[in-house]
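J.: Chain by chain, the residues:
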Amino acid sequence: MEHTEVLIVGAGASGGVAAGRLAEAGCRVVCLEQGHWPDKSSYPAVRPTYELEARRRWSGSPNVRGLAEDYPVEDSGSDVAALMYAGVGGSMILYAADWPRLLPSDFRTRTLDGVGDDWPLNYAELAPFYERTDRAFGVAGLGGNPALPDGADPPLPPLPIGAGGLRVARAHDRLGWHWWPAPNAVLSAPYRGRNACAQYGACMQGCPEGAKASTDVTHWPEAIAAGAQLRTGARVSRILTNPAGLATGAEYVDADGRWQVIGADVVLLAANAIGTARLLLNSASPRFPDGLGNSSGLVGKRLMVHPFANVLGYFDDRVDSYIGHVGAKIVSYEFYETDTSRGFTRGAKWSLAPTGGPLTSALPTRAGTSTWGPEHHAHVRAHLGRTVSWAIFGEDLPDEENRVEIAPGLADSSGIPAPRIRYRVGENSRALLDFNIARATESLVEAGAYRTEYESLMRYSGWHLLGTARMGTDPATSVTDPYGRLHDVPNVRVLDGSVFPTSGAVNPTSTIVALALRATEHLIANRRDQRTAA
Amino acid sequence: MTATLELRDWLRPLADALIPAGDGMPAASAVGVADAQLDLVLSARPDLNRHLGRALALTAGMAPAEALAALAELDRTAHGALLEAVAGGYYAHPQVRELLGYAGQQPVPVRPEDYPEYLAQGLLERVVERGPIYRQAD
Chain L
1 MEHTEVLIVG
11 AGASGGVAAG
21 RLAEAGCRVV
31 CLEQGHWPDK
41 SSYPAVRPTY
51 ELEARRRWSG
61 SPNVRGLAED
71 YPVEDSGSDV
81 AALMYAGVGG
91 SMILYAADWP
101 RLLPSDFRTR
111 TLDGVGDDWP
121 LNYAELAPFY
131 ERTDRAFGVA
141 GLGGNPALPD
151 GADPPLPPLP
161 IGAGGLRVAR
171 AHDRLGWHWW
181 PAPNAVLSAP
191 YRGRNACAQY
201 GACMQGCPEG
211 AKASTDVTHW
221 PEAIAAGAQL
231 RTGARVSRIL
241 TNPAGLATGA
251 EYVDADGRWQ
261 VIGADVVLLA
271 ANAIGTARLL
281 LNSASPRFPD
291 GLGNSSGLVG
301 KRLMVHPFAN
311 VLGYFDDRVD
321 SYIGHVGAKI
331 VSYEFYETDT
341 SRGFTRGAKW
351 SLAPTGGPLT
361 SALPTRAGTS
371 TWGPEHHAHV
381 RAHLGRTVSW
391 AIFGEDLPDE
401 ENRVEIAPGL
411 ADSSGIPAPR
421 IRYRVGENSR
431 ALLDFNIARA
441 TESLVEAGAY
451 RTEYESLMRY
461 SGWHLLGTAR
471 MGTDPATSVT
481 DPYGRLHDVP
491 NVRVLDGSVF
501 PTSGAVNPTS
511 TIVALALRAT
521 EHLIANRRDQ
531 RTAA
Chain W
535 MTATLELRDW
545 LRPLADALIP
555 AGDGMPAASA
565 VGVADAQLDL
575 VLSARPDLNR
585 HLGRALALTA
595 GMAPAEALAA
605 LAELDRTAHG
615 ALLEAVAGGY
625 YAHPQVRELL
635 GYAGQQPVPV
645 RPEDYPEYLA
655 QGLLERVVER
665 GPIYRQAD
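These protein sequences, in sequence, are chains L and W.
With my numbering, the residue at position 321 of the first sequence is 321, and numbering never jumps.
In my numbering, each number is its position in the second sequence, counted from 1, plus 534.
In short, the hints are calculated from the structure, not lab data.
Computed from a predicted model, the values in this text were never measured in an experiment.
Treat the hints with caution; some may be incorrect.
[Claimed, not checked] Pair by pair, the computed Cβ-Cβ distance ranges are:
1. V662/W x E400/L: 39 to 47 Å
2. V115/L x D573/W: 51 to 59 Å
3. E442/L x A603/W: 48 to 56 Å
4. L539/W x Y450/L: 26 to 34 Å
5. G448/L x P643/W: 26 to 34 Å
6. Y450/L x P643/W: 28 to 36 Å
7. P643/W x S41/L: 13 to 21 Å
8. L457/L x P547/W: 31 to 39 Å
9. V662/W x H522/L: 30 to 38 Å
10. A225/L x R645/W: 46 to 54 Å
11. V662/W x E222/L: 33 to 41 Å
12. S414/L x G656/W: 58 to 66 Å
13. E400/L x T536/W: 50 to 58 Å
[Unchecked claim] Which bits of chain L does chain W cover? Going by a derived footprint, with three or more residues having C-beta under 8 Å, they are:
14. 196–205
15. 258–270
16. 453–459
Ideal Cβ positions, reconstructed from N, Cα and C, are used throughout, including at glycine.
In isolation and in its complexed conformation, chain W is listed as follows (with noise of 0.2 Å):
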């Protein structure tokens, strides 16, 4: 599923006006949240094509803050596919999750620890002193 020319155009704008460039992070369209970022989006939520469809059609011609304002008072729906639309794109890209330390989704497979910290430091000795909690019933 594509966006249009125009879809992508409106889009440029309200994406950065939610996500500007700010705190060593880059702006929405500079990871190309209006461009390849929204076609991966748009191939995982198909569904949410209708609904930036209908935002850009509620909102056209309006300046970013006030189209945002629109569609949250307007179309709640619509409104939350856009913030899903960029959001989505936005951390999906790789240079953002890495601006982020976000090291998440890595296949590291678990070891069970050979002594936790928390038996090391007596904690959970202590939840045993304290004996049992549950009520006795037969």
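This is chain L alone, in the form it adopts within the complex (with noise of 0.2 Å):
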């Protein structure tokens, strides 16, 4: 049976930065993938039917896509669809490439907010991997944003933010709100080989540029080079135990349908916060009978999604948001800490976006007008091109209640069981909303819009798929140490979202990968000592 040191489930984020680093440390590493390297001439960002496709072939959900490579996740019982990209690269190849960090209050929401849990380690430690990662992803950004501690600079200055941004941010300025320019993991100039962006204003249908950062283009290249083996269309259904409750390997089908055992001294799944549930799920046996690394009982539990609303504000002049880069332009963190006068803890982050273009603006907005016959070229024309968004991430407090499970009778295109979500915005999560939205309304009013929609819950916004597998110091309470490493099962390693103890209220890739890169050192410093089932 074929044997590697360390295999890794999953080339996207966190699977890319673990290869990446181990393959450099002289680890002999596999990585399976579900899906495929992806063909950046087929990105539709230059096609005059992108947004169309954007809606099919390029969607963010599983669901729709329907792709042999994906597997479909029953979210009809959620508030929030799950949404994702099975390939090399990972979701990083649809993400929109906002890039910000946890605050240090996101590390203790329970010291300090009486909520959720503390982790297991604080900004300050994950400030250094942070700082690595943004080199190496290549982030634009400018430093000195007194929403953060003092730290590194970003190693390429910000992007323009455009016309609209700078509407808002002379409005937050006559409303002495923060604002500053938003931190993206997209190129503004030439770096480490890579053109810089070219401006589609299409990133969430993939970059064909290859500006916007995705471990396709950032990662595995190197990685390959160094020695690192990654096998796409290959797709594990289940991580191999011994007696001993050690993992020995995994089972997978291959990309000519045949099933496959490997053998690995240790195994890191970074699969996201609903693969890497769904996988330890999966894996149940008669020595673990709730799952691999379940005896806490939190294995597909406590999954937070970051319930996300907008604020659309309508301009008598143009502001161009669908030229540039998706991300953000600007962001603000005025309402971001907890102040219990309003009602609830914890707060939110807020995004300036742009609002697409013209098939986006004819059809039903995010608010759910859309106006046809007649009225229809003025409805199109005061959208296009003379709209901004304000994309509202709220704090999502940690609940038991919102979980992964194994659907039962649902299976992907191998036959290996599928997952089922439930998740319920809760009263805190709907108050914080309430209350941004509101907020954001202001904003855009200060700006000078003079008309406002606002969408109060999007559906299809489930990118941040967290804390399936969280960490923690105590096995009856969390499912890994702080490292990612199972309590139960300790050569086995989660890298992703999973591990999350509580969400923030920002986009989380920049800490996914912190977080990847931490626990990989960590395990390459400790490989003398490792267990393993050989």
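Need the complex rebuilt from these two chains, each delivered in its own frame; the hints are there to steer you.
T.: Structure, rendered in structure tokens:
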């Protein structure tokens, strides 16, 4: 039987970072990825039908795409639909590349606010890893943001904030509210062999320029050159264990549909908080009847997705927000930290976002309106190029009722049982979003919007999949240790957003990759003492 | 994937009811929404063909307004597919984009601003002067 030192499941954000660092350290690495190498020439950005394609083949929902490499997610009973992408680079292929960090208080919500749980590490401990991953991915931004502690500046200057960003920045200046040019993992200048952003405005359907960071362009080429093996079209069904309770490898189905087994000293799970929970639950055995690593009963539970609202502002003048990067033009942390007088705990981050091209303007808006017939042209002209949107991410407090389970009778194209998610927006989140919608409306009115609309909860917003294998120091109340190692199976580690004890209120990819780098270097530093099945 | 003549003939008046001429813009049929643009749409979204066929079967012979109302009532998926096919074809047409002044999806290499206007206007200076807004936590 084939055997490797480290087996990685998933070639996305965390898997790519781990593979690169392990290969650099001389470890023998095999990564199994259910999807394929993305073909940049197939990205729809330059085609006139790109918005049409975004609603199907390039949708973030695996249920909408329905590709063979996707697995279905039963989410009909969930307030928010799960979004992801299967392929080298993972969901980074379709993400917006908004690249904020957690704030210090996010690591201490229990101590500071009496909610959620403290993390088993703090901001200062993670900061050096943030700085290294910022450089590796090529982050564009501006240092000195008073919403964060001091630290190294991003490696590249900020992207232009555009006419809409400037308009809203001036409004916040008058209001005395925080704003800052947003950090984005999109190149503002050529960097490490990659081109700068070409401003197609279609980041979320794949970046044809390679300017948006994703591990297929930032990490995998070097990892493979250093010896890492990456197998695409390889879908893992379960982690295998021995009588001593240690992982021995994994069973998977290869690109030709043949079932295979690969042995490994260490298994790293990097399949996102739905995929990793699914795999752990599917790896149940008489030795681990409730799923692998699940003696706490928390595998799959505490799913957090960041309930997402947005406020749209209409302006008389053109702001042409459809030009340039999609992630965020500017951000505001004015209402991020807890103020108990507001009637809820924790807060939200705002990202000023573009509002799409002509088809998006014509079809029902995020707020649900569309106009056909004689008024249609006026409707489109009012929206296209004359709107901006505050995207509001609220802190999502952990709740064990929000969870990933195995869906009875549902399977992927290989017959592997597929997941179901249950997710409800909690009372605190609802109050938090309502407050921030009102404040964001004030922001856009101050910026000169003659009309605003809002969407109180965007269903297709479940990109930020977090919390289903939380880390901690107590095996009774956490699934992994502070370095992602399963308490129950010490040669299996979780590298993705599953380990988040709480969600914070920012886009999580920068934190996921910083944590993955930290966990990988812990593995490398302790490889001599690593318990293995061999 | 090609649409039948029957489908095109059915689609043309519905498309014009959704997007008529006006405000300096052409009607949907005038830019080929039921013709070449439909071919473009179905090549990008072959999944729509099935739903359009169902929409045709449900509303054949009805006046456009009646057909649109009936579809919205009877089959929301088919109704949504009709909107996507009509608007998708219309707004993919270069004449329509030009008339709208839409300048998106063009490769324009980004150039970081040497001295962005927000710095020149002192906007960030005042954010910094207001001091840190995060809570300390060990």
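J.: The structure should be examined with respect to each hint, and the outcome stated for every one.
T.: To see whether the hints hold, each was checked on the structure:
1. V662/W x E400/L: 39 to 47 Å: Holds: the Cβ-Cβ distance is about 42 Å, inside 39 to 47 Å.
2. V115/L x D573/W: 51 to 59 Å: Between V115/L and D573/W, where Cβ atoms are some 56 Å apart, the hint holds.
3. E442/L x A603/W: 48 to 56 Å: 39 Å, violated
4. L539/W x Y450/L: 26 to 34 Å: Taking Cβ atoms as reference, L539/W and Y450/L lie about 46 Å apart, which means the hint is violated.
5. G448/L x P643/W: 26 to 34 Å: 30 Å, holds
6. Y450/L x P643/W: 28 to 36 Å: 34 Å, holds
7. P643/W x S41/L: 13 to 21 Å: 19 Å, holds
8. L457/L x P547/W: 31 to 39 Å: 37 Å, holds
9. V662/W x H522/L: 30 to 38 Å: Taking Cβ atoms as reference, V662/W and H522/L lie about 36 Å apart, which means the hint holds.
10. A225/L x R645/W: 46 to 54 Å: About 32 Å separates the Cβ atoms of A225/L and R645/W, which means 46 to 54 Å is violated.
11. V662/W x E222/L: 33 to 41 Å: Check passed, 37 Å falls within 33 to 41 Å.
12. S414/L x G656/W: 58 to 66 Å: The hinted range 58 to 66 Å holds for S414/L and G656/W, with Cβ atoms some 59 Å apart.
13. E400/L x T536/W: 50 to 58 Å: 53 Å, holds
14. 196–205: holds (count 7)
15. 258–270: violated (count 0)
16. 453–459: violated (count 0)
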